[in-house]
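Student: Based on the hints, put chains D and H in the right spot on chain U.
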Amino acid sequence: MGKAGKERLIKAGLYLAYAVVTLFFLFPIFWVLSTSLKSVPQLFATPPIWFPLDPRFENYAYVFTNTPIVRYLFNSALIVLLTVVFTLLVSVPAAYGFSRYTFRYKKPTLMMVLVFQMISPVVISIPLYRMFVELGLLNNYAGLVVAYSAVVLPFTTWFLKGYFDTIPYEMDEAAIVDGASRWQAFWRILLPVCAPGIATAAILVAILSWSQFVIPFILLDDAALYPVSIGLVNLQSNADAITLHYLSAASIVAIAPVIGVFVLLQRYIVNALTSGAVKG
Amino acid sequence: MAGVVMEEVTKVYGEDVVAVRDMSLDIQDGEFAVFVGPSGCGKSTALRMIAGLEDITSGKVYIDNRLVNDLPPRDRDIAMVFQNYALYPHMNVRDNLGFALKIRKVDRSEIKRRVEEAARLLSIEELLDRKPKALSGGQRQRVALGRAIVREPNVFLMDEPLSNLDAKLRVHMRTEIRKLHNRTGTTNIYVTHDQTEAMTMADRVVVLREGIVQQVASPQEMYERPTNVFVAGFIGSPAMNFIRARMEKHNRSLDIVFGDTTIPLPRERHWKELDGYVNGEVMLGIRPEHMQDARLVENMQGSATLDVKPQVVESVGHEKYLYFELPEGLTARTRSIEEIEADTGRNEEGSGDMLVARVSPEAKVRESEEVKLVVDTGKVHLFDLETEKAIF
Amino acid sequence: MLGKKRTAGRSTWSEIVTDYPVPWLLPLGAILGATFLYPIFEIARLSFTDAGLMGGGYSYTFESYLSLLRSPYFANMLKVTAIFVSFSVVFQMLFGFLIALVVDQGVKRGLRVSIVTRTAVLSAWAIPGVIIGIIWSILYEQSAAGILNHVLSSPGQTIPFLSDPQLALASVTVANIWRGTAFSMILIYAGLQTLPSDVMEAARVDGANAWQRLFRVMLPLLAPILFIDLVVVSIETFNTFDMVLALTGGGPGRSTEVVALSIYNQIFRQFNLGQGAATAVLLLTINIVVTFVYIRFLERSEEVG
Numbered sequence: 001m002g003k004a005g006k007e008r009l010i011k012a013g014l015y016l017a018y019a020v021v022t023l024f025f026l027f028p029i030f031w032v033l034s035t036s037l038k039s040v041p042q043l044f045a046t047p048p049i050w051f052p053l054d055p056r057f058e059n060y061a062y063v064f065t066n067t068p069i070v071r072y073l074f075n076s077a078l079i080v081l082l083t084v085v086f087t088l089l090v091s092v093p094a095a096y097g098f099s100r101y102t103f104r105y106k107k108p109t110l111m112m113v114l115v116f117q118m119i120s121p122v123v124i125s126i127p128l129y130r131m132f133v134e135l136g137l138l139n140n141y142a143g144l145v146v147a148y149s150a151v152v153l154p155f156t157t158w159f160l161k162g163y164f165d166t167i168p169y170e171m172d173e174a175a176i177v178d179g180a181s182r183w184q185a186f187w188r189i190l191l192p193v194c195a196p197g198i199a200t201a202a203i204l205v206a207i208l209s210w211s212q213f214v215i216p217f218i219l220l221d222d223a224a225l226y227p228v229s230i231g232l233v234n235l236q237s238n239a240d241a242i243t244l245h246y247l248s249a250a251s252i253v254a255i256a257p258v259i260g261v262f263v264l265l266q267r268y269i270v271n272a273l274t275s276g277a278v279k280g
Numbered sequence: 001m002a003g004v005v006m007e008e009v010t011k012v013y014g015e016d017v018v019a020v021r022d023m024s025l026d027i028q029d030g031e032f033a034v035f036v037g038p039s040g041c042g043k044s045t046a047l048r049m050i051a052g053l054e055d056i057t058s059g060k061v062y063i064d065n066r067l068v069n070d071l072p073p074r075d076r077d078i079a080m081v082f083q084n085y086a087l088y089p090h091m092n093v094r095d096n097l098g099f100a101l102k103i104r105k106v107d108r109s110e111i112k113r114r115v116e117e118a119a120r121l122l123s124i125e126e127l128l129d130r131k132p133k134a135l136s137g138g139q140r141q142r143v144a145l146g147r148a149i150v151r152e153p154n155v156f157l158m159d160e161p162l163s164n165l166d167a168k169l170r171v172h173m174r175t176e177i178r179k180l181h182n183r184t185g186t187t188n189i190y191v192t193h194d195q196t197e198a199m200t201m202a203d204r205v206v207v208l209r210e211g212i213v214q215q216v217a218s219p220q221e222m223y224e225r226p227t228n229v230f231v232a233g234f235i236g237s238p239a240m241n242f243i244r245a246r247m248e249k250h251n252r253s254l255d256i257v258f259g260d261t262t263i264p265l266p267r268e269r270h271w272k273e274l275d276g277y278v279n280g281e282v283m284l285g286i287r288p289e290h291m292q293d294a295r296l297v298e299n300m301q302g303s304a305t306l307d308v309k310p311q312v313v314e315s316v317g318h319e320k321y322l323y324f325e326l327p328e329g330l331t332a333r334t335r336s337i338e339e340i341e342a343d344t345g346r347n348e349e350g351s352g353d354m355l356v357a358r359v360s361p362e363a364k365v366r367e368s369e370e371v372k373l374v375v376d377t378g379k380v381h382l383f384d385l386e387t388e389k390a391i392f
Numbered sequence: 001m002l003g004k005k006r007t008a009g010r011s012t013w014s015e016i017v018t019d020y021p022v023p024w025l026l027p028l029g030a031i032l033g034a035t036f037l038y039p040i041f042e043i044a045r046l047s048f049t050d051a052g053l054m055g056g057g058y059s060y061t062f063e064s065y066l067s068l069l070r071s072p073y074f075a076n077m078l079k080v081t082a083i084f085v086s087f088s089v090v091f092q093m094l095f096g097f098l099i100a101l102v103v104d105q106g107v108k109r110g111l112r113v114s115i116v117t118r119t120a121v122l123s124a125w126a127i128p129g130v131i132i133g134i135i136w137s138i139l140y141e142q143s144a145a146g147i148l149n150h151v152l153s154s155p156g157q158t159i160p161f162l163s164d165p166q167l168a169l170a171s172v173t174v175a176n177i178w179r180g181t182a183f184s185m186i187l188i189y190a191g192l193q194t195l196p197s198d199v200m201e202a203a204r205v206d207g208a209n210a211w212q213r214l215f216r217v218m219l220p221l222l223a224p225i226l227f228i229d230l231v232v233v234s235i236e237t238f239n240t241f242d243m244v245l246a247l248t249g250g251g252p253g254r255s256t257e258v259v260a261l262s263i264y265n266q267i268f269r270q271f272n273l274g275q276g277a278a279t280a281v282l283l284l285t286i287n288i289v290v291t292f293v294y295i296r297f298l299e300r301s302e303e304v305g
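Protein chains in written order, with this note's numbering: chain U, 1 to 280; chain D, 1 to 392; chain H, 1 to 305.
Think of the hints as simulated: they come from the structure by calculation, not from any bench.
Glycine included, every Cβ here is placed at the ideal spot set by N, Cα and C.
There's no promise every hint is true.
Cβ pair distances, simulated, as ranges [as the list claims (entries may be wrong)]:
| id | chain 1 | residue 1 | chain 2 | residue 2 | range |
| --- | --- | --- | --- | --- | --- |
| 1 | H | 204 | U | 8 | 17 to 27 Å |
| 2 | U | 108 | H | 196 | 27 to 37 Å |
| 3 | D | 200 | H | 297 | 48 to 58 Å |
| 4 | D | 40 | H | 204 | 34 to 44 Å |
| 5 | H | 108 | U | 134 | 55 to 65 Å |
| 6 | U | 166 | D | 67 | 29 to 39 Å |
| 7 | U | 166 | D | 57 | 52 to 62 Å |
| 8 | U | 13 | D | 171 | 50 to 60 Å |
| 9 | U | 168 | H | 194 | 17 to 27 Å |
| 10 | U | 108 | H | 160 | 16 to 26 Å |
| 11 | H | 160 | U | 20 | 35 to 45 Å |
| 12 | D | 171 | U | 102 | 37 to 47 Å |
| 13 | U | 221 | H | 59 | 20 to 30 Å |
| 14 | D | 57 | U | 103 | 15 to 25 Å |
Pulled out of the complex, with its shape left as it was, chain U reads as follows (with noise of 0.2 Å):
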């Protein structure tokens, strides 16, 4: 076989890995989609509908009405703004200082900082849990906050300080020379210039806070305060097989910001995984 054939025939290997990969990724997601958009009885059909041929979109509608997912969805909306907000806040001037400062003890420093990335959150919940109760922060968005922006804080200060240190120290002399002093010299030069970066780190921080399961699992236990995530461990727990389609499209409408904040942004993330998660 000459070149061309046989280049052809990779092409053929290619596509046909894509179509395999993507049906296995896709699958599920597609399975839960048709199963919230079935009636009762097609529920239960034998051998199962793949798709139905009458889609019941007052599933949904049910949904909306008659659970509190709209509740959860905003609720996670508020945790997850405020996680980000005060992520950016204590992780952006911490890698500024990591990154443009030297001092002794620094590399122990970055190192205990990744260690903390490593540790589950199951690990320091239950301390923390201790720790809410007596000072009654249990329930509390406050409290809640700092612990999801503990959990996300390491790798966002790592993230952030390997993107500055893409930023050539000679900037920050430069304004220096020029008469800026330290907290200038970040506010107006470094900052502007780092800002897709922060605003990639910010996007990173959304999506993990989006899935974080255990901090609100162990510290809330108030339902009107439960994020998309709890909320849909609560439906499921109160579903049984007769109400699997509405669970299904609890499922799709709990992930659907997501998957389309990613699918929009997806270059984005790809670039910031990639440049970011080389280096660990």
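Tutor: Quick look at chains D and H alone, frame taken from chain U:
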């Protein structure tokens, strides 16, 4: 307008890394001084200490007769041009130029005046509304210069500003910078590793090596009277040839002898000091441009000749370069020479100890063909083999 | 870097303070100290007590560790966790590598479809773990109406994906692989971008075929990235909680009770804070040990590279 004085300035990193050692220098008001030397010699460190971007371990720095050791850069009234321009990418050229003045809360009309004047001086008026990423290398360089001019400081500090430009642009910008200096009359301290830049731009050149000042002199003086082997080999391109030779006394003349060549030394006042070297070894230095094809020289009387067989002949149009070897052991190799060659890439491993002669383009010379060279005896240099200091 | 003594010439107090690194790092230090350092010490301390969750009196004792080690469920939990982690990690890395390779090859040949595949894989990563558990619990529906049952079993038979102890563990692992492959894929994909193309071309010119190029050139060059991937994925898998909770809750029995779930169950279901804390200390130790291995590796590669 101000002079810069350094008094035994030293910079030590960590426990024992000495970047600059006891540097003392007196730069006059309005002078264009160039710090030059191989990478790692301390020239940038010295400049940054003057700027206030590095702590001074010991010693004093005065700008305009004021002790500035403890002053932050903003209070030293200096402006700096960085190697990578360090322009603010999110601001357009106009804002880049005006940033320093804005920080100091200078009056807006004054900012406008200075920015436009600087833009005019550097011919970048049409670029004022562009952002740095839309500019070419040369344009960015001029904006970086403009940023410094706008400040109307006491001293300009330039850290290898032309290193990132291509060769042609570099030559052009050299003259531009020099012209700028003539117009503003501001004291300028310029750092470079390129000796050609140093020689063409400086009022005075400061050669540094391993943190120690080797010599401070005008370009001409440094060329004609280098104080040691390092300076002699560093300044001038192609570099000076170094040969091991013996000093002999014949009747009333002192001769330098190597191989079959005898070079009579011209009479100088300090001949007496050379007594200690008679019948001993010295290092002889001859610049490539001080050798010529004997066939083109009219009056050969009293001159020294050298028979060589060039291995490589390079023709550059206005000159020819002859590369030749001397018999074993005659070419001098000391640490300084090796350092210079490592820095310039000449005589790398395996290419042997080649010497160079620059001869007239009319010389009919061919590779592997013997040719007789004439040495201009009035222009030879002698160095002590051990101390590497110039003795003649 | 700027020197230290710069107080002369500074105009405002805030400017002086921000000259030093400490103010910049203080908020981070405070938050991390309160939310990590303190809890870590607390959980270690609690593991040596017999305290209850809601407070009340307690005394210090090794009893928690002893009863943990003697518990029949402990060995089971270790086995479950070991199987779960090892299979998850191996397959996540394997699939991640293969997909990254395939997508990379596609991109290099201008096949735009590869981006679709990449996005599909990555979306799995964006979905909250809990919901992945719910989604797969729907997939694993054990009646004849379950889609996986329909596809994989013979008529008349239903596969008890989640109610057979062995099978449940396998099902959970498969779901976890689905969830986590994306991370490995992205990491390795990034690594593939950094492979120097001239080295690969030199290998081609030298006559190496595709297999040889893969094993003798590509993999060794990717080794550092693969190591990082191994470490991070391992730790994340050890810490998995949400997905397993939603999928099986640890059952049937305790056949899918991974360590994170075990901690939760012991503390909040069996109200045994001491023993749960001891298990948490175990997980913490695993986290820290693996992280230190990772740090050592980073440091060594920094010296070399």
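Student: State for each hint whether it applies.
Tutor: Hint by hint, here is what the structure shows:
1. Judged by the Cβ atoms, the range 17 to 27 Å given for residue 204 of chain H and residue 8 of chain U holds: they are separated by roughly 20 Å.
2. For residue 108 of chain U paired with residue 196 of chain H, a C-beta distance near 33 Å keeps the hint of 27 to 37 Å intact.
3. Between residue 200 of chain D and residue 297 of chain H the C-beta distance comes to about 51 Å, which sits within the given range of 48 to 58 Å.
4. A hinted range of 34 to 44 Å for the beta carbons of residue 40 of chain D and residue 204 of chain H is consistent with their spacing of about 40 Å.
5. A hinted range of 55 to 65 Å for the beta carbons of residue 108 of chain H and residue 134 of chain U is consistent with their spacing of about 58 Å.
6. Distance hint check: the CB atoms of residue 166 of chain U and residue 67 of chain D are about 38 Å apart, consistent with the given range 29 to 39 Å.
7. In this structure, residue 166 of chain U and residue 57 of chain D break the distance hint of 52 to 62 Å, their C-beta atoms being roughly 31 Å apart.
8. A C-beta distance of roughly 56 Å is found between residue 13 of chain U and residue 171 of chain D, which places it inside the suggested range of 50 to 60 Å.
9. As the Cβ distance of residue 168 of chain U to residue 194 of chain H is approximately 21 Å, the hint placing it in 17 to 27 Å holds.
10. Between residue 108 of chain U and residue 160 of chain H, the C-beta spacing of about 51 Å breaks the proposed range 16 to 26 Å.
11. A C-beta distance of roughly 27 Å is found between residue 160 of chain H and residue 20 of chain U, which places it outside the suggested range of 35 to 45 Å.
12. Distance hint for residue 171 of chain D and residue 102 of chain U: a CB-CB separation of about 39 Å, consistent with the stated range 37 to 47 Å.
13. Our hint of 20 to 30 Å for residue 221 of chain U and residue 59 of chain H holds, since their Cβ atoms are close to 29 Å apart.
14. Checked against the hint of 15 to 25 Å, the C-beta distance between residue 57 of chain D and residue 103 of chain U comes to roughly 19 Å, which is consistent with it.
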